[in-house]
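The whole structure should be built from the sequences, with the hints applied where relevant.
Number of protein chains: 2
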Amino acid sequence: MKIEDEIKSTIALDISKKIILNVLYTQNVIIDNFNDILKPYDISGEQYNVLRILRGQKGSPANMFVIQERMLARTSNTTRLVDKLLLKNLVTRNVCPENRRKIEVLITQKGLDVLNELDPKVIEHEEFFSNNLSSQEAEQLNSLLEKYRNK
Amino acid sequence: MKIEDEIKSTIALDISKKIILNVLYTQNVIIDNFNDILKPYDISGEQYNVLRILRGQKGSPANMFVIQERMLARTSNTTRLVDKLLLKNLVTRNVCPENRRKIEVLITQKGLDVLNELDPKVIEHEEFFSNNLSSQEAEQLNSLLEKYRNK
DNA sequence: GTTATTTTTTTGTTAAAACATATAACATTT
DNA sequence: AAATGTTATATGTTTTAACAAAAAAATAAC
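As given, the protein sequences belong to chains A and B, one line each in that order.
Mapping of the first sequence onto full-length UniProt numbering: position 38 corresponds to residue 38, and the numbering continues sequentially without gaps.
Mapping of the second sequence onto full-length UniProt numbering: position 64 corresponds to residue 64, and the numbering continues sequentially without gaps.
For the record, the hints were derived by calculation from the structure and aren't laboratory data.
Don't take each hint at face value.
Note: identical chains are not told apart, hence a pair may lie in one copy or across any two.
Pairs of lysine-lysine residues, derived as DSSO-like cross-links and limited to a Cα-Cα distance of at most 30 Å, are as follows [to be verified]: (1) Lys102 with Lys88; (2) Lys39 with Lys147; (3) Lys121 with Lys110; (4) Lys88 with Lys17; (5) Lys17 with Lys121; (6) Lys58 with Lys110; (7) Lys17 with Lys2; (8) Lys17 with Lys39; (9) Lys110 with Lys17; (10) Lys8 with Lys84; (11) Lys17 with Lys58; (12) Lys58 with Lys39; (13) Lys121 with Lys84; (14) Lys8 with Lys102; (15) Lys2 with Lys121; (16) Lys110 with Lys39; (17) Lys121 with Lys39; (18) Lys2 with Lys147; (19) Lys121 with Lys88; (20) Lys147 with Lys17; (21) Lys84 with Lys58; (22) Lys88 with Lys8; (23) Lys58 with Lys2; (24) Lys147 with Lys8; (25) Lys121 with Lys8; (26) Lys39 with Lys88; (27) Lys8 with Lys58; (28) Lys17 with Lys84.
So, in structure tokens, the structure goes:
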């Protein structure tokens, strides 16, 4: 569906505006779908993202700075995000012995189990959208987004 | 910059995942830039969006339902969004005489003035990104996003 | 070796989002 | 016209985000 119809626009929009609205709207659709997947597991999208980063560490701990720089949206509330995961026993948190300012965050087995259970659903979610495109179109969309941001 | 570099990914990502991350990240970049424009005017992106919808009504009032269906992200808090605009005298709110359940929201002259002042900055913002693309590429990005959502 | 500076994380406060529930007006049924 | 149902908006409560500022540890300066 065209973006003008999604927002019931009465007037014609120029292409710059349409792209912006389309990116914003597409993100909403992706997020809404993804939250439906996460809901039964009682974790938020941001919390999931942190778990993914920690799993990607393959056993070595991540401090707050490392977590932040790998997140999509740099939030200043990484501490409280990790707090939530800690309450659910999905991560552990320890002071780093070499530099006692730093905090070593590790994913627990329970955290890994949650991710493993989610993996096929996440892949299905990702492919649900990209299956609408040929592989050339998918590559094209990806590189056009990067060119659009131009940084 | 490639999305893998933006999030400092150590492993190769498949295209489905890259597109998702790219859409989410691009949206963050757009929103961050836009918020910088709005900041001096002390209105949020959502509030701006409502003002745009109201201006688009060209003098005829919009009720809460109309506002909601034209917003990008359907929020259940339209009432409180309008509350904020009312406090700043950017809109008026009146009970509809024909159907006293409905609320007629109108943009004020002050609201129109704010939008007029913002207009050139908003256009500049929109074009800042799309200028990185040729007009064919822009059209292509737009239609690929719509095809990707496929609804 | 004490003081200042910088880095890293945490905390406090205020604002906004999310979600469920409530109220109020209108419409329909009996 | 009372009861029931529906629609439109509002409110209460709980989470989450945003921003500033504080705290704690390491590093640098004197």
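How the hints compare with the structure:
{"no.": "1", "hint": "Lys102 with Lys88", "verdict": "within (22 Å within a copy, 44 Å between copies)"}
{"no.": "2", "hint": "Lys39 with Lys147", "verdict": "between (34 Å within a copy, 27 Å between copies)"}
{"no.": "3", "hint": "Lys121 with Lys110", "verdict": "within (18 Å within a copy, 49 Å between copies)"}
{"no.": "4", "hint": "Lys88 with Lys17", "verdict": "between (42 Å within a copy, 27 Å between copies)"}
{"no.": "5", "hint": "Lys17 with Lys121", "verdict": "between (33 Å within a copy, 13 Å between copies)"}
{"no.": "6", "hint": "Lys58 with Lys110", "verdict": "within (15 Å within a copy, 56 Å between copies)"}
{"no.": "7", "hint": "Lys17 with Lys2", "verdict": "both (13 Å within a copy, 23 Å between copies)"}
{"no.": "8", "hint": "Lys17 with Lys39", "verdict": "between (33 Å within a copy, 20 Å between copies)"}
{"no.": "9", "hint": "Lys110 with Lys17", "verdict": "between (44 Å within a copy, 24 Å between copies)"}
{"no.": "10", "hint": "Lys8 with Lys84", "verdict": "between (39 Å within a copy, 24 Å between copies)"}
{"no.": "11", "hint": "Lys17 with Lys58", "verdict": "between (42 Å within a copy, 20 Å between copies)"}
{"no.": "12", "hint": "Lys58 with Lys39", "verdict": "within (26 Å within a copy, 41 Å between copies)"}
{"no.": "13", "hint": "Lys121 with Lys84", "verdict": "within (23 Å within a copy, 39 Å between copies)"}
{"no.": "14", "hint": "Lys8 with Lys102", "verdict": "between (50 Å within a copy, 20 Å between copies)"}
{"no.": "15", "hint": "Lys2 with Lys121", "verdict": "both (27 Å within a copy, 25 Å between copies)"}
{"no.": "16", "hint": "Lys110 with Lys39", "verdict": "within (17 Å within a copy, 42 Å between copies)"}
{"no.": "17", "hint": "Lys121 with Lys39", "verdict": "within (12 Å within a copy, 39 Å between copies)"}
{"no.": "18", "hint": "Lys2 with Lys147", "verdict": "both (22 Å within a copy, 9 Å between copies)"}
{"no.": "19", "hint": "Lys121 with Lys88", "verdict": "within (21 Å within a copy, 45 Å between copies)"}
{"no.": "20", "hint": "Lys147 with Lys17", "verdict": "both (17 Å within a copy, 18 Å between copies)"}
{"no.": "21", "hint": "Lys84 with Lys58", "verdict": "within (21 Å within a copy, 47 Å between copies)"}
{"no.": "22", "hint": "Lys88 with Lys8", "verdict": "between (42 Å within a copy, 27 Å between copies)"}
{"no.": "23", "hint": "Lys58 with Lys2", "verdict": "between (42 Å within a copy, 23 Å between copies)"}
{"no.": "24", "hint": "Lys147 with Lys8", "verdict": "both (29 Å within a copy, 18 Å between copies)"}
{"no.": "25", "hint": "Lys121 with Lys8", "verdict": "between (32 Å within a copy, 24 Å between copies)"}
{"no.": "26", "hint": "Lys39 with Lys88", "verdict": "within (15 Å within a copy, 37 Å between copies)"}
{"no.": "27", "hint": "Lys8 with Lys58", "verdict": "between (47 Å within a copy, 15 Å between copies)"}
{"no.": "28", "hint": "Lys17 with Lys84", "verdict": "between (38 Å within a copy, 25 Å between copies)"}
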